[in-house]
Amino acid sequence: MVTLITAARHPRAEDVAWFRADGSSMPGAVRRAAVALAERLALPPSRAAEIGLALTEVAENLVRHADEGSVLLRTLRWPAADEPGDRPSPPAAIESVAIEFVAIDSGPGLADVPAAMRDGTTSAGTLGIGLGMIERLADRFDIYSTPGMGTVMTGAFGPRHAGGQATPDLRAAPRVAGLTRPITGETVCGDAYAVRTLDGRLALLSCDGLGHGELAARAADAAVRIFRAAGPPLDPVDLVRRVHSGISHTRGAAVAVAVLEPSAGTLRFAGLGNISGVILGGARRVGLTSRPGIAGHQARSLAETRHELPPGALVVLHSDGISPRWDLADHPGIVSRGALVVAASVLRDAGLRRDDASVLVAGAPWV
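Going by this note's numbering, the letters in the sequence shown line up with residues 3 to 369, in that order.
For the record, the hints were derived by calculation from the structure and aren't laboratory data.
Pair ranges (Cβ atoms, derived): (1) E16 x S338: 26 to 34 Å; (2) A331 x E97: 33 to 41 Å; (3) R286 x A231: 31 to 39 Å; (4) R253 x S303: 16 to 24 Å; (5) T186 x D332: 21 to 29 Å; (6) S265 x S26: 48 to 56 Å; (7) S265 x A331: 27 to 35 Å; (8) S325 x A285: 17 to 25 Å; (9) G25 x E310: 45 to 53 Å.
Built from N, CA and C at the ideal position, the CB exists for glycine as well.
Using the sequences plus the hints, can you model the full thing?
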């Protein structure tokens with residue numbers, strides 16, 4: 003059973019790096035990157051060694067047994083407290099940190115996940131510590147597998163405190179989570195996302211900087227800064243307009259904002275350009291449509307659309323680096339899992355390597 007937390011404690015993801023399982027050198031690269039991140043976060047050397055061991059095993063499994071495997075590493079930073087307007091906390095106010103990983107592959111999948119998690123079950127040619135030991139070394143761990151389609155594995159490693167306990171932030175699986183992945187050949191992604199909570203509302207931003215590389219990333223980063231700094235109320239049209247006005251010095255971006263109001267059972271949406279969104283509630287799939295335009299350069303018309311937000315619904319926003327031809331019905335029970343598992347599944351199933359890709363998922367409880 004995975005413990006879930008709401009968006010009010012959503013961390014900032016930084017130092018994002020993807021590794022493709024395309025050769026025997028990949029596990030070593032993952033280990034070195036993980037240890038370097040641990041040192042950057044000032045984790046104890048013993049903890050850095052544990053993280054390196056666990057992620058080497060994750061990577062070895064992908065190289066030896068999976069099709070089209072990839073590993074994401076990134077750092078997570080939780081502000082000490084939510085500030086008015088959700089403005090970034092100063093560095094000294096950071097309360098907790100972690101290293102997060104996401105491992106995805108396209109098969110063959112695990113027919114019996116509980117059996118694979120039992121001690122003594124190892125994969126030939128790996129370090130032999132097994133999935134069960136990876137779970138124990140991690141402060142948060144989740145795995146979901148669809149036979150024939152692949153496996154998603156996620157986890158986070160923090161410093162751990164007296165008695166080996168992690169903070170609640172690290173132990174819980176987020177109900178709001180996003181992923182970005184750059185186009186093949188780039189290390190910088192021009193897609194970005196951001197999350198805010200205020201007065202019982204949850205605001206989601208999805209942004210796709212025009213083109214690829216550093217200039218696209220600058221446009222997306224500028225949009226995120228404006229979104230985070232904007233004062234209340236959280237209004238989707240106002241937020242998109244603020245971004246449009248504030249990134250005119252960049253090459254521009256596709257931008258969409260969804261504001262979830264759980265108490266009213268309503269989702270309000272506004273967007274410019276090729277950002278897609280859906281509300282998944284029960285058997286219903288409701289699309290969220292953006293207006294034509296480029297934030298920063300062309301916004302002839304902006305309008306808000308309102309939609310019912312059913313209890314227990316799932317909201318997904320993604321850039322055009324994700325094909326719309328994904329269906330969570332292919333993965334029974336996945337909607338009840340943490341948002342990161344859902345986001346990773348969508349990216350794995352529908353992400354395009356010829357474009358930057360991003361996906362942002364929000365599931366109840368939202369705030």
